[in-house]
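Letter by letter, the chains look like this.
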Amino acid sequence: MSGQTLFKKLWDAHVVHVEPDGTTLLYIDRHLVHEVTSPQAFEGLKLAHRKPRRIDAAVAVPDHNVPTTDRSQGIADPVSRLQVETLDANCAEFGITEFGMNDIRQGIVHVIGPEEGLTLPGMTVVCGDSHTSTHGAFGALAFGIGTSEVEHVLATQCLWQKPSKTMLVKVEGTLGKGVTAKDIALAVIGEIGTAGGTGYAIEFGGSAIRALTMEGRMTLCNMAIEAGARAGMVAVDQTTIDYVKGRPYAPTGDAWDKAVAWWNTLHSDADARFDRVVELDAAKIEPQVTWGTSPEMVTTIGGRVPNPADAPNEVKRHDWTRALEYMGLTAGTPIDEIPVDKVFIGSCTNSRIEDLREAAAVAKGCKVAANVKLAMVVPGSGLVKQQAEAEGLDKIFVEAGFEWREPGCSMCLAMNADRLEPGERCASTSNRNFEGRQGQGGRTHLVSPAMAAAAACAGHFVDVRKA
Amino acid sequence: MQKFTVLDGLVVPLDRANVDTDAIIPKQFLKSIKRAGFGPNLFDEWRYLDHGEPGMDPATRKPNPEFVLNFPRYKGASVLLARDNFGCGSSREHAPWALEDYGIRAIIAPSFADIFYNNCFKNGILPIVLDAAAVDRLFRECEASVGYQLKVDLDKQTVTTPGGEVLAFEVDGGRKHRLLNGLDDIGLTLLQADKIKAYEERRKQEAPWLFSGSQQ
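Chains as they are written, first to last, in this note's numbering: chain A, 496 to 962; chain B, 727 to 942.
Think of the hints as simulated: they come from the structure by calculation, not from any bench. This structure is a prediction, so every number in the text was calculated from the model and none was measured. Don't take each hint at face value.
[Said to hold, decoys possible] Straight-line alpha carbon distances no greater than 30 Å define the calculated DSSO-like cross-link-like pairs of lysine-lysine that follow:
#1 A:Lys504 / B:Lys921
#2 A:Lys657 / B:Lys788
#3 A:Lys859 / A:Lys779
#4 A:Lys503 / B:Lys788
[Said to hold, decoys possible] Which stretches of chain A does chain B cover? Using the computed rule of at least three CB atoms under 8 Å from a CB of chain B, they are:
#5 690-698
#6 921-931
[To be verified] If you only want the chain A side, here are some residues facing chain B, beta carbon under 10 Å, derived:
#7 Val510
#8 Thr828
#9 Ala864
We treat Cβ as the ideally placed atom computed from N, Cα and C, and that holds for glycine.
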């Protein structure tokens with residue numbers, strides 16, 4: 496018998512009940528809640544006269560609608576305000592811990608979970624948000640759910656699931672200078688496509704992954720969903736354990752020792768079999784830039800906008816043509832000649848302290864180019880912001896001409912006031928370049944934080960290795 | 727939840743791959759705290775020429791005459807024909823809510839994104855996977871014939887074309903049962919309450935730190 500995958504170990508530890516057809520009632524350890532996908536779930540509970548089963552397993556935070564500018568006047572948009580107030584009221588009514596908008600611990604749900612030690616190795620973690628895959632970086636089984644399932648988890652602390660297929664994405668070797676976890680994520684998506692991971696849980700392994708910090712692993716697992724996989728994960732190692740130790744909600748004393756003993760078993764066995772294995776050579780990965788309206792429409796900074804005539808099939812030819820039209824790009828244009836109007840550094844993909852350090856290292860001593868209307872840095876949480884300010888990163892950004900904002904999801908999806916206007920082109924460290932994602936008619940190019948900072952200073956995309 | 731048994735419905739073809747949930751229901755409409763009323767804003771950015779915001783009266787909007795949902799021949803469609811990876815992106819259940827509110831009860835595509843696929847079943851919508859060649863054929867037939875209808879039978883797991891071709895599809899047994907009967911998932915899960923309790927008791931011994939709580 497072959498050994499077990501990390502996915503199988505996590506799965507088996509959470510099985511409550513199995514139906515004859517294999518459908519499994521899976522126990523959920525941590526439920527993260529935000530304002531957008533929870534109001535209807537709480538309403539459903541109330542209508543059915545149900546109560547949350549374990550309020551201690553849930554934590555809530557408003558992130559999508561919050562302003563990133565001065566918050567002393569509250570939220571200007573009454574519809575956004577009502578949604579945040581509804582979260583406040585539901586948490587108060589049911590006794591769920593919430594980091595409110597003015598709490599220093601407030602931030603993007605996928606940043607604060609790990610930061611507070613609410614996300615721990617070996618857990619099942621869910622949230623009504625597809626980027627919940629982020630938490631898999633801790634050797635956890637983490638995936639996004641819809642609002643009906645948010646209600647289901649509140650009421651039962653369980654979910655009905657069928658086991659996913661397993662995929663190992665193995666990245667061996669050493670990343671080149673200026674190449675980051677974001678570039679690995681985009682390169683993987685370029686390789687397998689946005690539906691390549693559908694039906695799979697992806698484990699990222701290999702020496703290049705083991706060399707990543709927790710921030711890098713979170714960036715990578717965050718983007719698993721853009722490859723179609725609900726869950727991404729990385730095995731537990733000393734890097735994981737060192738990150739978790741001492742976090743506010745992490746175990747202590749004897750419980751810590753017991754936990755670490757189990758966590759150290761959370762890796763795929765050497766002889767474990769995966770349903771699919773994809774291998775990449777870290778040394779060959781270059782800084783990535785998307786050119787289209789799907790994360791799989793990606794190339795390297797040295798590349799050119801592709802010609803739809805070269806598309807592999809008729810459906811893709813149609814998609815590429817449409818994407819170039821939407822993006823206002825001409826086939827054959829070198830990527831480093833594409834000018835940008837705005838720059839966004841932030842989102843659950845790239846707003847952690849390491850991301851801000853990488854961007855600041857590039858921004859130091861430069862000035863945002865005259866053609867760039869707005870370059871903004873949105874830290875992932877109040878604590879990331881505080882840390883960055885302690886390190887003087889805010890000053891570097893402000894001196895270079897970036898705006899230094901309050902934490903939230905911001906222009907990743909433009910539910911608050913931060914958005915692109917029609918036709919504006921943005922170098923963004925977020926995760927989705929879909930049509931209209933950052934504002935109706937907006938044009939998004941996904942890049943790493945260092946590449947975004949370099950584009951801000953140059954006024955167009957530029958190879959950060961030469962910047 | 728609405729039951730789904732047999733549907734004989736007009737088909738609307740949406741000939742694009744990777745249709746994401748941001749396109750199905752743009753973010754500004756996610757600010758609602760209600761479950762209903764998303765239908766008028768389904769595919770808002772493609773369906774209208776003006777910019778949509780919550781609370782606008784659909785009667786005052788400018789429909790995009792080139793968008794397929796606005797073609798008079800597809801008015802009243804309840805079956806959506808789509809391409810690969812339909813529903814990718816965000817987990818927002820507002821996407822199936824908007825489709826259902828508009829009147830779509832079945833979606834046929836070569837593949838769906840996982841979270842969207844799952845969300846459909848919670849809202850009385852049947853997502854049907856057929857192979858790409860069959861979907862291609864349905865697109866051609868649908869575009870060639872005004873008033874093109876398909877008959878979807880969940881119990882038999884078949885899609886029948888006007889020409890009498892019968893296409894079989896797979897669906898998970900548990901989901902099929904719940905959809906056929908319009909059953910509430912939570913009610914069914916609570917029948918397992920003893921097992922959930924037993925799991926928790928055992929787990930508290932094995933991994934007590936998982937129960938130390940978020941209350942600090």
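Against the structure, the hints:
Distance check on the hinted pair: Lys504 of chain A and Lys921 of chain B sit about 20 Å apart at the alpha-carbon level, within 30 Å; holds. Straight-line distance between C-alpha atoms of Lys657 of chain A and Lys788 of chain B comes to about 44 Å, which puts the hinted pair past the 30 Å bound. Of the supplied pair hints, the one linking Lys859 of chain A and Lys779 of chain A holds, its CA atoms being roughly 28 Å apart against a limit of 30 Å. Simply put, Lys503 of chain A and Lys788 of chain B have alpha-carbon atoms about 52 Å apart, too far for the 30 Å limit, and the pair is violated.
Counting residues of the segment 690-698 of chain A whose beta-carbon sits less than 8 Å from any beta-carbon of chain B gives 3, enough to reach three: the coverage restraint holds. Counting residues of the segment 921-931 of chain A whose CB lies closer than 8 Å to any CB of chain B gives 4, which reaches the minimum of 3, so the coverage claim holds. Hint status for Val510 of chain A relative to chain B: holds, with the closest Cβ pair at about 8 Å, below 10 Å. Here the hint on Thr828 of chain A is broken, as its CB sits about 23 Å from the closest CB of chain B, past 10 Å.
Taken as an interface hint, Ala864 of chain A does not check out: its beta carbon lies about 29 Å from the nearest beta carbon of chain B, beyond 10 Å.
Violated hints, in rising order: 2, 4, 8, 9; the structure is consistent with all others.
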